[in-house]
Structures are given as C-alpha cells and as structure tokens.
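Engineer: Go by the hints and put chain D onto chain U.
Each chain is listed here by its residues.
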Amino acid sequence: MGNRVNVIGVGMVKFQKPGASDEYNVMASNAARAALADAGVAYSDIEQAYAGYVYGDSTCGQRAIYELGLTGIPVFNVNNNCSTGSTALFLARQAIEGGLAQCVLVVGFEQMEKGALGAKYNDRTNPLEWQADLMNRVQGFAQAPPAAQMFGGAGREYRWKHGTKRETFAKISQKARKHASKNPYALFTEQLSVEEIMAAPEVFDPLTRYQCCPPTCGAAAAVLASDDFVKRHGLKSPVYIAAQAMTTDFRTSFEEDSMIKMVGYDMAEAAARQAYERAGLGPKDVQVVELHDCFTANELLTYEALGLCGPGEAERFIWDEGNTYGGAVVTNPSGGLLSKGHPLGATGLAQCTELVWQLRGQAEQRQVEGARVALQHNLGLGGACVVTIYRRD
Amino acid sequence: MASEVRYDGKVAIITGAGNGLGRSHALLLASRGARVVVNDLGGDTRGGGKSSAAADAVVEQIRAAGGQAVANYDSVEDGAKIVQTAIDAFGRVDIVVNNAGILRDVTFAKMTDDDWSIIQRVHMLGAFRVTHAAWPYMRDQGYGRIIMTASAAGIYGNFGQANYAAAKLGLVGFASTLALEGKKRGVHVNTIAPIAGSRMTESVMPKELIDALKPELVSPLVAWLCHESCDETGGLFELGGGFYSKLRWERSEGVTFRLGRDVSVEALRDRWRQVVDFGRSQHPAEITAALQPVVANVQAGPSRGGNEFIDVDLALGHQSAPVSSAYTEHDLALYALGIGAAQDPLNNRELRHVYELHRDGFVPFPSYAVIPGVNAVLDHAKDGQLAPGLNFGLDRLLHGEQYTELYRPLPRSARLTHTIKVKDIFDKGKHATIVFAITSVDERGEPLMYNELTALIRGAGGWGGDRGPTGESNVPPDRAPDAVVTEQIHPNQALLYRLSGDWNPLHADPGFAAAFGFPRPILHGLCTFGYAARAVLGHAEGDPQKFKSIKVRFAESVFPGETLVTEIWKESPTRVVFRARVKERDKVVISNAAIELFDQIPSAAPAPKPAAAAASTPAAAPVTAQSAEPNSTDVFTAIGQHLAANPELAKKVNTVFQFKLTGPDSAYTIDLKQNNVSPGTAASAECTLEITDADFMAMCAGKANAQELYFGGKLKITGNVMASQKLNFLSKLDPKLVLAAAKARAGAGSAAQPAPAADAASVSEASAEPISADIFTAMGAYLEANPELAKKVNVVYLFKLSGPDGAWTVDLKQNKVSPGTDAPAECTLELSDADFIGMCAGKLNPQELYFGGKLKISGNLMASQKLTFLQKIEPARVLAAAKARVAGGAAAPAAAPAAAPPAARIGAAEVITALRRRLADNPNLGGEVGAIIQLTVRAPDSAWHAVLTAERAEVHEGQADGPQVTLLLAEDDLLALARGEASPAQLFQFGKLRVDGDLKIAHRLGFLHKLI
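Chains as they are written, first to last, in the numbering used here: chain U, 27 to 419; chain D, 9 to 1020.
Think of the hints as simulated: they come from the structure by calculation, not from any bench. Watch out, some of these pointers could steer you wrong.
Stated by the list, open to error - Looking from chain D toward chain U, a few residues come up when the C-beta cut is under 8 Å (computed): (1) PHE996; (2) ARG1002; (3) LYS1008.
Unchecked claim - List time: in silico DSBU-like cross-link candidates among lysine-lysine, alpha-carbon distance up to 35 Å: (4) D:LYS438 x D:LYS595; (5) D:LYS659 x U:LYS146; (6) U:LYS140 x D:LYS668; (7) U:LYS40 x D:LYS660.
Where is the CB? At the ideal position from N, CA and C, for every residue including glycine.
Isolated chain U, as found in the complex (with noise of 0.2 Å):
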C-alpha cells in the first residue's frame, strides 16, 4: 500500500440545462475555487491537475484551469465517456498514493447540447460498436435514444427474468426526485409520485422519460493531498480514499448476449468486489451510496452488482425502501443523476462531493445520520466502471 490519500477539498455548481448555464471554463474554475476554498490551500500549493470532459475539443482542461493561475504545472485532460470524472479522479489518487505528488487538483465539466446522447464523429470506427453490434443481435435497433435502448434493454432482461413491475423502475425516479427536492445544486428538485414518472411518455420500454437522465451542464472538483501535506497543513480529521478500483470490459459484456452484461454488470461487480477487498469492507458496512443512475434500469442493476441487495432482490429491495432514509443504506441522497443532472465529465466528481459532505455531516437536510463509509459507483459505456470507498475516522 502506497500513501494514503485524502479529500481535503470539494465544490460544485449548481447543475443546468444546455443553454442556461456558464460556459464549461467558467462553471469549471468555479467548481475548482470552491475546492480549493473548502481545502483552504492556494493554487500555488497544486502540483498537477486533471481535468474530465467528454464533449469538446482537446485541452479544454487547460483553458478552465488557466482561470485558476498560470504556473506551469502538468495538467491532464481525461476522457472516458460517462465515468470520466471518477477516472481523472483515479488518476489523481494514483499520483498521491505512488508519493508523485502531495496535492493535485480534479476538475470535472461538461457543456451539452440539448437531446439524446449521439455520435460525433461518424467517418470512423464507433468506439461502442460492438455493444451494438449485440444489442443488434439481441433486441434489434428502435426508433429510440441509443443509451435508452441499451439500459432499457438490460432492464427488459432483468424484468423477464424475475418478473419484475414497470413500477418498480418508476419507483427509483419517485425516490431520486424526492431526495434532489433537498438538494439546491440539483436540477430537477420537483417531486414526482410513481403514477406521473409512469404516465409520462414512453422512452424505451421499460423506461418512461422521468427515468432517464437529462442532459445537463455542469462542474465539480476535488483537491487531493498525501497525510504528509495535511499534516503540514494543520487539516483536521479529513476524509480519505480507503480504496478505490477501476474496471473495464471483460469478455463476458459481449459473448453471452446478455444487456445486462453489455451495460456493464459485471465492469461493476468486479470493481465493487475488489474495492471492498482493499478497503477491508462489505456492502453491509456502508451508510452512503451515490452510483450511477443514468436510468432507473442502471440503479436497479447496480444494487445486486454493489451487493447493496442479493440478486433477485432489488424489487423487494425497492419497495421495502431499503434504499432510502431510514432504510439499509441510503442511495443517491444528491438526487442522483436522473434528478441532480448528468453532466458526463462532471458527474463522477458531484458524486464525490455530495459524499465527502455527507461524511463531514455538512448534508444539512439530506445528511445521512452516522454515515462513516461511503461508495461511490460511476460507470461508462465503452468502458469503464470505478467504485471508490470513502471514509472519516
């Protein structure tokens, strides 16, 4: 095991629809300042930065950070679809725990265009062909959002499997709209009842357009720093990193013919079983959860791939509000993607802020009581998963 590696600072701003929002160099350098405010550490104290964007040409990271300070220090823009803001985050850790670095920064954003998520470049190879290549196979092509098909798909999967009800999908988004009702950086922060989220127009059967996430805008950051810096810094009982894990495909997305393979189930279970392996921890010591709801479908999967719930028993898991205040555990309190936004690059690192304040109790209406360790689950198409433990002694 190498240093171990702390979260001294988060910040975000408030998520938007295209359109309504800053420019991605002005809602990322605000998102950083707020971080750094939160660290109480001067941008001259950062030794590297990363920056996660997906849409927009190369060295975006530069042109935000560059609002921040002109020294010269290595800056890395990531890339790595919807997981992109947890992977710059996993990069950064790697430079603290390796004793390459003392303190860096992570930047996350996004400025979408309003519709479905669609390909760019269409004169080249598209980098998720094979998954449609299977879906293709699988359930054919619809007339619909390609991620809808792709997740409504596995959630098509899992229903024929275990029976499971439409409503229980709608269910999710019934609970995520109720938690991001108390968050003021959300997007959607109205509160919707199960008959709405089900009468509301059909996307992709099973899913209903109130359980796919919107596109959205937006910025989140995170400064990073070994004990040695906090130490030297006088920092207080900070939040760290007690383990981390990233996944990317393996064989089984694409030779079993199986949505629920394709999205990334497995990408998930692996990354989760050896994030709790390092940690020295199992779902049942978890208080906390933000994961990866970009539709109802992916949060329902991700239970029994979290181990939040045995397999098979995410309906009942659902119902019985395992997953909410006063329940097991208490699952995407920010609102989630499907409520709070879903802005690709940023989305990985909202994620780690709303659990770095749920950890340090400063949650205020959404705090989670007596929440020690915390999960963090942001997954990409393509692909990659990382799962993340976070803890305060």
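Structural biologist: Chain D in isolation, oriented as in the chain U frame:
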C-alpha cells in the same frame, strides 16, 4: 360411525364354526343381519370324534341375540350337504367362509401317510367341496364372497407342520385362480392368514400371546371382505392381535440373458448376486405381469453376440452420463502448436491460430474439434466407465478411424457437455471395432461438434457378428494430386502435442514404447491428423473457418522427426480427398481421408429468426403515364426540398446516406454534409440502405417502420448502422411536398414512364402451366418408376378437389393413379385444386392446410402422414405432363388457375384452433400453466383469452375477466411463436411482446411452442 356395515338378506356358511375363529365369524355376521349356517363336525382338533354340541351352542347363542342361524354337523368333505342346508333353510347362499381345519403336527421324519392325507382332505378337499357346491348358486345370482383360511405356516413354513403348511399355501393358489374365474360374476375370493389363539394353538404359545390373539380381532376383516361394498378379490391378508395387512409377491429384477446366448452354469453363478438382489424389484400382481421379462426378452430379439471382451448386447447403444469440459484460447493455441502450426512465426496465416491478440483476429484451428470429444472418451476409458460390456484393457485399443464435424466455426472459448454413445460394434474376425459417437453441446445446449471415434480392439473379434461396412470410401482419384505438401515433423512434436490431453506414455516414454515393440515413442495419430488437416486447409482452401468435417483412417504409426507428405485432390468446391505418407519409409499413414467444407459459413450465434415474412410483392407499378401517383423519385425530390427548407437538420444529422432501391432499381444519395439529394451513388456514403422501391415508399408514408423492415430482412443496412437511426426525419416529410413533386412530374409529361410490367407469359405458355391433372399424371409415372414406394405406403387415397372440382384415386396397393373414385379409399382428402397444386409444389404444408381448415381428412388420418412422397415428384415430370397435355390439344379446364394459388393464410384463429387441439390432447397442460392469460393480437387485431387451470383448460375469443397477465403482440409474432421460430424471451427483449401483469407467467408460454 357414518353407516353400519350390515349383511341383511345375505346367507353365510361358516365351516368349523363351533369354536374359535369360526364361531367368532358366525356371531359377528349374524349380529349384523346375516342368516348363518353354523357348520361343525364336533370333533377334536386332531380330527377325531363327532358331536353336535358345538354347532348347536353357537346357533343357540345367535338366536338368543335375535339372529337367524341353523346348525349343520357334516364334514366339510361332504360340502354339498352343508350348502344344501343353507338352500333348504334360507333358499340361497352368499358367503362361504372356509374355516374348518385340524392339525397333525409331527416332524417330517415321523410323518405317516395318514398324517399327510387327512390334513389334505380336511383343508384342501374340504374347501374345494364346500366352495364347489356353493359356486353354481353364486355364479347364477351374480354375487358371492368366499374366504379361504391359510396360515403363516404355509407362507413361511413352520417346524413340524409340513403337511399343514403344504395344504395352507395350496389354498392361496386355489383362491387366486377362483378370484380370476369369479370376477366377472361378482364372486370375490380372498384368503386370510390369521394368527389367532384358538384350540389349535393353545398347545404351542404362551398364554399372554394367546390372550392377545383373540378370534374377535380376526373376524372384522373376514366380515369386511365378505361385504358387498368391498372390492377386494384375489388378496392374501395377514392379521391377528390387532394387526391387519396385505401380502403380495416381490420378485428381484433378476438377470436376463438375451435369447441365442449360451447360458452356462458359470454365467449364472457369476451373476448370482444380481439374481437375488432385491435392490430393484417388481411386484407382479398377475400372471401376465409375471411373464413380462420373458416377453421383453423375446421382443428384444436374438442376442447380437459377443465374447469375454465385448458383450454387444450390453454395450451397443449405451449412452454415457454427460461429461463437461471447457477450452479457452490457451488450449486452442497450444493445440495449434502441437500440430506444427506457426513454425514460421512470421507466417501471418498460421500466426492467427496461435496468437490470441492477432490484429486480424484469432482463428481457432478447426480440427481442434476432435480434442474435447476424444478427451471425454479417454477420461471415461481411464475410469473404466466407457460402457457396460466392454471388458478389454486399453492396451488392446488402437485408434482406427476418426470423423469430426463442426456445426459452425469454433468459438474462442466454450464450456461443453459431451455425451458418448456406442454407435456400432463390428466383428472384424480377429479384431473388433467399436464406433463411439460423441456429441458436444455448448453452454446454451446448441450442438457445436460431433465426433466418431472408431477404435480397433485387437484380438477381440470372432463371435460371428456383423462385420460392418467393408467398402472403401474417400479413395483418391486416379490422377496426380492437385497439391502435395511436404513438411517435416519436429522431433519433439509428440511432447508438445500430448499437452492437449492425450497423456499416453507411448508417445513420450522411450522405455514404455520399447515395451510395446517400438524403437522409440511414436507420434499421436491425431497429431498426424492435425498436420494433414493443416496441409489441406492451407492449400486447398484458404479459409479455415469453412471447415465442416474431416474423416481419416489411421493406417500406420509415425515417428516424430519423419517427413509427412500430404497429397491433396480437390474433388469439388466443398470436398477435398487426401492421403498422407511418411517420406522416409514411403508408407501411407493416413488413408481414405477427406475434408468437407461449408459452402457458406454458418453464423456463430444464430440470431432469432424474424417473424415469417411473406415474399415481398412490390406495389403495382403505375398504370398510366399520366398518373400522379407518387413514386420514389418524388419522395427524393421532396426530401431535397425538405432539407433545403430545414438546413439545421443536415447539420444535426451530418451523414451521407446511400439508398439502393430495387424493383424498379434506382440509387439516390442523401448527403447531409453538403445538404444535397441527388440520384446515383456516392463514394463518400457512410450508411447504405438497400430496400425495395415499394417498401421505401411505405416507409416514407409512415406505413412501414424502418425497424420492422430491417428485422423482416427487407431493409439491409451496411456501414454505420447507428447512423440509420437518424433517418426518422423521413417519416416527418410533408406528404404535400411528395404529392406536389408527383404532380410536377406528371405535368411535365415528357418523361417516359417505364412500360407497365410486360404481360410476359404468352397464351400458349400460360396454358402449359401445370394443373392438378398433370400432377396426377406425373404421380402415376413417378409411382411406376418407384414401385417400392407403393409397397411401403400401401394405402388407397381419394383426393376430392374443388374449384374446379375433380376426384382422383391414388391406389398404392395396386400402384395405380386414376380419375374418379374407383377403389374403396382408406383415406380421403378434400381440398381446393389450388391448395393441392401448392401442396405438391412444396409451397404449402399439408399440416398447415389441415389446421387452417383448408384440408379435410377423413378415414385413416395417420395415413395422410405418408403423403410426403408428393413433394418428391420431380417438377420436371409435372411440366412434361403439362406440355404433353397442351401438345395433345387437350383443352385446359376453363377454371384452371392461371397463376400460382394464393398461399393459404394462417392467422391467430388457426393458432387458437391448434391450441384447443393441444389442450384436448394434453389434459394436464392447463394445470401446468395455471393462469388466466389474455392474448391481445394486433395486425390484424383479435383478442383471445385462455383459462388454463387444473380444472379448466379453455380458450375463448374476447376479453377475460381479471386476467393474471395480458400479452400484446402482432399476429406475425404470434405465428412465429407458434411455429417455434421465436421464443417468448426473444420477442420480449425485442419489444415485440408486451407483457402486463404477472410477467413470470410469460415464462410458461411453452404451450404455444410448435403449435403449427
């Protein structure tokens, strides 16, 4: 007590009723309304003396209690007199309880003739006489109940009672036969073996036991067996002291020697444990059941022979328990190295077999298909579990021949399950051969490969059995080979090859090889096999994915280090014959060998079949040049206008689409980068769509969905499939734009319209179109040419055709086809002329016609299954008959169809009809499903509901009240389900089956599978 068991109106004879059991029976029956003849000779227990006192006392006691009884003092040997007493006193007899008996216990050594015969007389002859005298009365009145009294001594034996035991068990056989003879006349005969304390047993049992064995505990069973509501007959009951039970025979499964095999004393001795083993047993209740093993042995036919090494009867056809194995790229690469692949590491083609990260893709070398199956056999052989009846050591076994077939290219890894069957056993004289057939299925249960391993068992032949096929196959043609591949086998090759699973030390250990007479370890036959396969696939056919099968005979051993010369003859595009020689010794080592290739490589993962798509018939071409009916040109014109008016659309989609239309053929490019629509093709196209003109029109009119066309195989997309998603703007096209374009075109008028589809068929050709008469003519000729067919089918069919009407008799007994209804038909088929023609042309399926109500079959329904020969009639014969008819000037019937008949439409109703039939045939099906299911069908719409419960199994039209689940799907998809072309899970995943309510019930839709 719900109802008292009574015997009012019945007359019972109880023999030996003065004391003990008999007295107890008499008192009980009398107390419940029976009129009783109390018979007792009044003698002692050894048969001495005579007195009326005992019987009289019992009669007195019955009468005192208000019952009716008369006494009789005759010996049972005078049975007729006893019965006569009943007739005289009461006028009938319903019940006979043969109870009288005596004892003459003496050890066998001291037993006298008198001891023996008096026992037989009283027990056996007495029971016979009384029963025989009562029998006619019972038969005539159609009712009777008879009890024999046997004893545990008869069943188990008892010291000092040889005479008594013999008589008692004799009664059991006596009763069993009477039960059979009396059954139809309502006469039931049962036997009891009571353990009761009575005068006869006082001398041998302790008092406590005798006290427990009261006669009163025996009589209730006797009374019940004698009641009219008791169905028992032929039974044997053991009882006493409060215990009641029934006895039956148990027989060990035993051993059966097939007829024709010598059964030696030694063979019986050796299998004695099996003869006496009750681990598996039977309980034959009647003589036919007892005979069953013998009948089965006769039916199994004569023994197929064998000897001490091979018992053909036991081994042939034996199928092993499934065994599992798995392989990965590692195994594939190791195997490929083992058969000498990539000795030149820069040989790109061979590198693909050993390098899993190869940039052109890793290609499993196909002859690896031999390894999992053969390893499964080796594993079983090592465990001695190949098959029962194979009793030779592995040292006798040589690999004689090998056949390996792949059903599709090998995946890079698989988990397999193998079953091994002993397919053939041949007696080659001195040696024997055994053919093991190994079928291997993948994780999904799909067969992946098939192997036949022919093992030569040295010195194990000679039982005079089947010698098997003798002809030579895959003999090289008499010409120089088309290719010769010479390759030296590396001296350490066997050491490398053995890592693929054949660990026989013969291939590695010099000392071991020497013990078997080889100068050094020999190469595995299958390694040579792999070298040869590589040589053939490398030279005759570049694509190893095309490999379908390989068959070889191993003629001679090969030593590592020798040079293998593979001679190749390419006999056809899909068949290559080859032979392999060792250059140094000029010996043929592999002979009679061939590799077969796939014409088309079967797909790795069989995609769900699209719902049955009828052959697309393009919409009629515009009839007149003036028509303003829009065509595809108009649509593209409108698209151009639409894009010009909405430039942001092009910016958003930003793709170059190529449309290739057929029937009529045309090509258009929609360039959303340049925002430009033009006829012709473009090199820059990113996404190409191929579709018929008619379907394209339907798609743009919003009548057909691109997705459905795609899955119906009507729309082919190449290039960037994802980009095709962006085509939905087509359905947003304003129809007015299209119409305007069409008007503009029609108005221009000058453009020559394509000529309406030529009325191609000339009149004379049209009349040479076959009609049903031609088919029957052809059928006659076909049957004449194939006389064995008539012999095989041997049925007289009558075809009654309608529209135009006609009748034909196809007599496959006389081998004659004639018009009219000549011979008495066994099977009559009624259908339309058009459907008949369609059926014979193989376009329509008799079964579908039948379930669609379009074919009516009367008479022998099964015989209609033999009609498949109709489809074997060569079309040329039918055409020839049609031509002959036209040439001969015979007028074609006016109503003869001018075109192919319309295909019979099968719809939801036909599926439901077939379902009802299935439910009627399978009464348990309802209970297995156990749900009320609503079936809502679209396009065309219909609604059905199925009530499938253990009590009811019905299907009705319309909506169900409170169904547990509602299934919504298109009729085409319902048909696909019913045809077994799609599974419910697939349709659900495709979004073609919508399920509301309890989704788990949809897992039980198996009742729809293969309905039609």
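Engineer: Look at each hint and say if it fits the structure.
Structural biologist: Here is how each hint holds up against the structure:
no.: 1; hint: PHE996; verdict: 5 Å, holds
no.: 2; hint: ARG1002; verdict: 7 Å, holds
no.: 3; hint: LYS1008; verdict: 4 Å, holds
no.: 4; hint: D:LYS438 x D:LYS595; verdict: 24 Å, holds
no.: 5; hint: D:LYS659 x U:LYS146; verdict: 12 Å, holds
no.: 6; hint: U:LYS140 x D:LYS668; verdict: 33 Å, holds
no.: 7; hint: U:LYS40 x D:LYS660; verdict: 28 Å, holds
Checked against the numbered hints above, the structure breaks none of them.
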